[in-house]
Amino acid sequence: MAEEDEGRQQPEEAGSHEPVADSTADRGAEKPVVPAPPPKKPASGAKPRGPQKEPWTDPLIEALEKTLPDQRVDSYTFLGLRHLVVRRERVTEVLRFLRSNPVEAFDFLSDETATHWPDDEEFEIVYVLFSFQTHNRVIVKTRVKEWESLDSATSVWPGADWLEREIYDMFGIRFEGHPNLKRILLPEDWVGFPLRKDYDIRLQDVEWVRKHLGIESGQKFYVGKAKHEDD
Amino acid sequence: MTTQEHTLFDSNEITVSMGPQHPSTHGVLQVKLKLDGERVMDAECVIGYLHRGVEKLGEHQTYGQFVPTLDRMDYIAAVSNCLGYCEAIEKMLEVEAPPRAQYVRVLLTELNRISSHLLWLGTHALDIGAMTVFLYCFREREEILKIFENYCGARLTTHVFRIGGLQYELYDGFEEQVRVFVKDFPSKVDEYETLLTENRIWLGRTRDVGVLTKQEAIDMGVTGPCLRASGVEWDIRKSNPYAAYADFDFDIPIGEKGDTYDRYLVRMEEMRQSTRIVSQAVEKIPDGPIRAKVGKIIKPPQGDVYHAIEAPKGELGYYVVSDASTQPYRVRVRPPSYVNLQALRQMVLGHMVADVVAVIGTLDIVLGEIDR
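Here the protein sequences come in this chain order: A and B. Just so you know, our numbering puts the end of the first sequence at 597, numbered straight through with nothing missing. Just so you know, our numbering puts the end of the second sequence at 374, numbered straight through with nothing missing.
Since the hints were derived computationally from the structure, they do not count as laboratory data. The structure displayed is predicted, hence computed values, not measured ones. You may find that some hints are simply not true.
[What the hints assert, rightly or not] Pair by pair, the computed Cβ-Cβ distance ranges are:
{"#": "1", "chain 1": "B", "residue 1": "Leu-137", "chain 2": "A", "residue 2": "Asp-440", "range": "55 to 63 Å"}
{"#": "2", "chain 1": "A", "residue 1": "Gln-499", "chain 2": "B", "residue 2": "Thr-215", "range": "18 to 26 Å"}
{"#": "3", "chain 1": "A", "residue 1": "Gln-418", "chain 2": "B", "residue 2": "Leu-137", "range": "41 to 49 Å"}
{"#": "4", "chain 1": "B", "residue 1": "Leu-59", "chain 2": "A", "residue 2": "Gln-499", "range": "34 to 42 Å"}
{"#": "5", "chain 1": "B", "residue 1": "Val-182", "chain 2": "A", "residue 2": "Lys-548", "range": "50 to 58 Å"}
{"#": "6", "chain 1": "B", "residue 1": "Gly-290", "chain 2": "A", "residue 2": "Asp-485", "range": "13 to 21 Å"}
{"#": "7", "chain 1": "B", "residue 1": "Leu-59", "chain 2": "A", "residue 2": "Lys-548", "range": "23 to 31 Å"}
[What the hints assert, rightly or not] Examples of chain A residues lying across from chain B (beta carbon under 10 Å, computed):
{"#": "8", "residue": "Ile-427"}
{"#": "9", "residue": "Leu-445"}
{"#": "10", "residue": "Ser-476"}
{"#": "11", "residue": "Asp-477"}
{"#": "12", "residue": "Ala-480"}
{"#": "13", "residue": "His-482"}
{"#": "14", "residue": "Trp-523"}
{"#": "15", "residue": "Glu-532"}
{"#": "16", "residue": "Leu-547"}
Heads up, the beta-carbon is just placed ideally off N, CA and C, and yes, glycines get one too.
Generate coordinates for the entire structure from the input sequences, incorporating the hints supplied.
If you want it as structure tokens, here you go:
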């Protein structure tokens with residue numbers, strides 16, 4: 367809330383919007399000696415806030431709303447990229463729509479990946495699409511609970527095959543309808559999913575040393591207790 | 003194997019494991035082939051022998067510390083890896099490298115592209131049986147590596163860029179050394195072409211081998227020279243210019259059929275176009291600072307970004323998620339070789355075993371990048 371108020375002061379039109387005493391005073395007396403700190407303060411305050419999300423609405427979003435109502439959760443532009451957040455249940459239909467819609471066809475799947483958000487017990491699946499006609503990218507995101515599965519995008523782009531296998535390998539997210547969902551980079555008998563946030567980077571070392579050398583690894587004493595340790 | 007009726011030789015199909023120690027797999031790739039005589043009935047790639055968990059490592063290092071690790075992914079084109087990541091972080095910080103740094107970035111990246119393509123050409127030709135080309139290619143590649151060595155002290159894993167610009171100012175004589183190289187190099191490409199382009203054996207081994215149609219290539223997510231050889235005119239340097247690429251004239255070569263021969267021609271032409279870019283860039287390197295002001299502690303604001311560049315192998319993308327701390331919350335590398343390699347299966351089906359070697363070569367894979 368406080369951030370928004372500060373942000374509204376910054377633009378040129380702020381004066382006309384709401385005549386806050388401070389901002390008008392600053393504008394009038396920008397050069398003089400004494401009020402030098404006030405203009406500096408919003409600037410330094412603005413820095414950590416950085417780029418802002420801006421709502422994204424255009425004919426593509428309207429067409430999506432018309433074809434697949436209630437699927438869109440959010441759409442915004444951030445750092446010059448368009449992001450579209452959709453519901454999990456019909457994500458392949460959204461992707462198929464984006465691939466073949468007449469407004470702006472995103473016919474190429476650049477990337478598919480995931481991010482783990484353990485606080486929400488969720489994974490965020492990220493699709494990066496590219497359009498050969500307009501040379502634009504759009505990032506489609508959807509959230510999956512840790513115990514849920516997701517429809518596979520291989521029915522839309524066969525090239526999602528290995529990308530989804532890697533996500534399964536690293537995060538353990540199951541894709542329904544995937545032709546060959548098994549580990550790809552790690553050995554078949556690997557335990558755990560390394561890119562989950564609760565998979566400690568030292569786990570492998572600690573276990574290897576214990577199994578093969580019969581001693582406790584020195585690692586954990588330097589860096590604290592590994593999360594998977596019982597003691 | 004044990005049953006009397008179906009011994010190995012009675013059955014039509016045998017399974018052959020090619021690699022992971024086979025010299026023509028360019029590293030540690032294993033391809034399980036199901037063969038009917040000499041003909042490939044099915045193929046499956048087994049990868050991961052070189053997996054080092056680069057993405058997990060990124061989450062435990064600061065933004066700056068992580069850069070040298072990325073050089074070890076595609077070690078043939080370390081400069082491109084570095085460029086993509088640095089630009090992604092700059093995008094998050096909303097910082098732009100100064101013009102001088104941008105030009106040097108283009109210069110080094112294009113030199114690296116040439117050296118990557120030279121290594122590809124040498125080993126690809128060697129796989130198919132042309133030894134001479136290999137020696138010629140390494141002769142020219144050496145000149146590029148000398149430039150890198152003079153500039154930053156390393157030949158392969160160079161770590162030339164920093165977030166915000168460059169670490170080192172150009173050395174005395176850099177321009178001259180580059181000029182000498184770009185003056186000679188086009189004639190060297192012609193020399194390779196006299197050895198291969200109309201060579202009957204080369205034509206026999208590469209024409210109509212591993213055909214990838216336009217639609218198949220798009221469906222499989224293939225990028226880079228492999229996609230362009232299938233007739234899609236898409237180069238990120240042109241479509242979404244980054245660094246200083248918008249300032250230079252160059253063409254995008256495309257193929258028609260999408261066979262191994264087309265991919266060979268596309269890459270040969272790309273080397274010429276890269277030489278063009280380098281010769282333009284070296285003449286007008288602007289003066290000025292080489293690094294933008296970036297704090298010693300890099301803390302990008304909360305949010306995520308996807309930034310892709312045209313690496314020698316294809317689209318190299320970085321998806322970085324920041325939680326406003328000094329370490330990335332998540333770094334995802336979209337490795338071009340990894341996605342290109344999954345097209346291998348449909349490219350080799352129905353071909354001879356010897357063609358598998360040609361197709362692996364033409365995909366231009368680097369296992370360090372695939373396995374990460």
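Here's how the hints hold up against the structure:
1. In this structure the hint that Leu-137 of chain B and Asp-440 of chain A lie 55 to 63 Å apart at CB holds, the actual value being about 58 Å.
2. For the hinted restraint 18 to 26 Å between Gln-499 of chain A and Thr-215 of chain B, the CB-CB distance of approximately 20 Å keeps it satisfied.
3. Taking 41 to 49 Å as the suggested C-beta distance range, the pair Gln-418 of chain A and Leu-137 of chain B does not conform, at roughly 57 Å.
4. Between Leu-59 of chain B and Gln-499 of chain A the beta carbon distance is about 38 Å. The supplied range of 34 to 42 Å therefore holds.
5. Between Val-182 of chain B and Lys-548 of chain A the C-beta distance comes to about 52 Å, which sits within the given range of 50 to 58 Å.
6. About 45 Å separates the C-beta atoms of Gly-290 of chain B and Asp-485 of chain A, a value inconsistent with the hinted range of 13 to 21 Å.
7. Take Leu-59 of chain B and Lys-548 of chain A: their Cβ atoms lie about 24 Å apart, and the range 23 to 31 Å holds.
8. Taken as an interface hint, Ile-427 of chain A does not check out: its beta carbon lies about 19 Å from the nearest beta carbon of chain B, beyond 10 Å.
9. Among the interface hints, the one on Leu-445 of chain A holds; its C-beta lies about 5 Å from the nearest C-beta in chain B, closer than the 10 Å criterion.
10. Given the 10 Å rule on beta carbons, the hint for Ser-476 of chain A holds: about 6 Å separates it from the nearest Cβ of chain B.
11. Satisfaction of the interface hint for Asp-477 of chain A is found here, the shortest Cβ-Cβ separation to chain B being roughly 4 Å, below the 10 Å cut-off.
12. Taking 10 Å as the C-beta contact cut-off toward chain B, the hint placing Ala-480 of chain A at the interface holds, the least distance being around 8 Å.
13. About 8 Å separates the beta-carbon of His-482 of chain A from the nearest beta-carbon of chain B, less than 10 Å, and the hint is met.
14. A cut of 10 Å between beta carbons decides the hint on Trp-523 of chain A: the least distance to chain B is about 6 Å, and the hint holds.
15. Among the interface hints, the one on Glu-532 of chain A holds; its C-beta lies about 8 Å from the nearest C-beta in chain B, closer than the 10 Å criterion.
16. Among the interface hints, the one on Leu-547 of chain A is violated; its C-beta lies about 14 Å from the nearest C-beta in chain B, farther than the 10 Å criterion.
The structure fails hints 3, 6, 8 and 16 (numbered hints given earlier, in ascending order).
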